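J.: Sequence:
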Amino acid sequence: MRIHTDKLTADDMFDALNLAKQHGLIMHGVAFDPIVAMNSKTHNRAYEIQLGAFEQVGLPANYVNRYGKRQKCRRVRNAANPTLRFSATWHEWGWFIAILYRKDPDARWGDRKRPDYANSGDFHSKTQGKFAGVLVNG
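Each residue of the sequence shown is one higher than the one before, starting from 43 at the first, in my numbering.
Take these hints with a grain of salt, some might be off.
Here are the simulated lysine to aspartate or glutamate pairs, EDC-like style, with alpha carbons at most 20 Å apart [to be verified]:
no., residue 1, residue 2
1, K63, D53
2, K63, D75
3, K145, D164
4, K63, E97
5, K83, D148
6, K49, D146
7, K83, D158
8, K172, D158
9, K83, D48
The hints are simulated quantities; they were obtained by calculation from the structure and are not laboratory data. Remember, predicted model here, so these are calculated numbers, not experimental data.
Model the full structure from these sequences, guided by the hints.
T.: Following this line, the structure appears as structure tokens:
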């Protein structure tokens, strides 16, 4: 996914991932694959980010995906030659994105005409507040 931002740096991306791991919101085997700085036509900068894992480790007991279905292990990523073969879950992405939105509520995920999330309010609306307000300090 691509994030367009005026405030966030690559260090902020790593900090957000580490904070989510410290709080047990993202499993420790999840890492960036890749994180690449890009130009943005609408913001000061952009980053192309993929989250994945080396191993298809089991997910926490009774993990339910965003569709309400029980999921026991990570799915294989649909990417050409990925270093990290297995996908981060929707919830892991959600916590990561929510932490970044605390630093830049005007960041945009996705493309200009049809963003996945136009800003923090759009993200929380589309995810029905699932990732709002849990990490107060960090």
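J.: Against this structure, judge whether each hint is valid.
T.: Here's how the hints hold up against the structure:
With a C-alpha separation of about 15 Å, the suggested pairing of K63 with D53 holds against the 20 Å cut-off. For a cut-off of 20 Å, the pair hint linking K63 to D75 stands: about 16 Å separates their Cα positions. Pair hint K145 plus D164 holds up; C-alpha atoms about 15 Å apart against a cutoff of 20 Å. With a C-alpha separation of about 17 Å, the suggested pair K63 and E97 falls inside the 20 Å cut-off, and the hint holds.
Note on K83 and D148: the hinted pairing holds, with a Cα-Cα distance of about 15 Å set against a maximum of 20 Å. At most 20 Å may separate the alpha-carbon atoms for a hinted pair to count; K49 and D146 meet this at roughly 6 Å. Between the alpha carbons of K83 and D158 the distance comes to roughly 17 Å, so the proposed pair stays at or under 20 Å and holds. Between K172 and D158, the direct Cα distance comes to roughly 16 Å. Compliance with the 20 Å bound is thereby established for this hinted pair.
Pair hint K83 plus D48 holds up; C-alpha atoms about 11 Å apart against a cutoff of 20 Å.
Of the hints listed earlier, there is not a single one the structure fails to meet.
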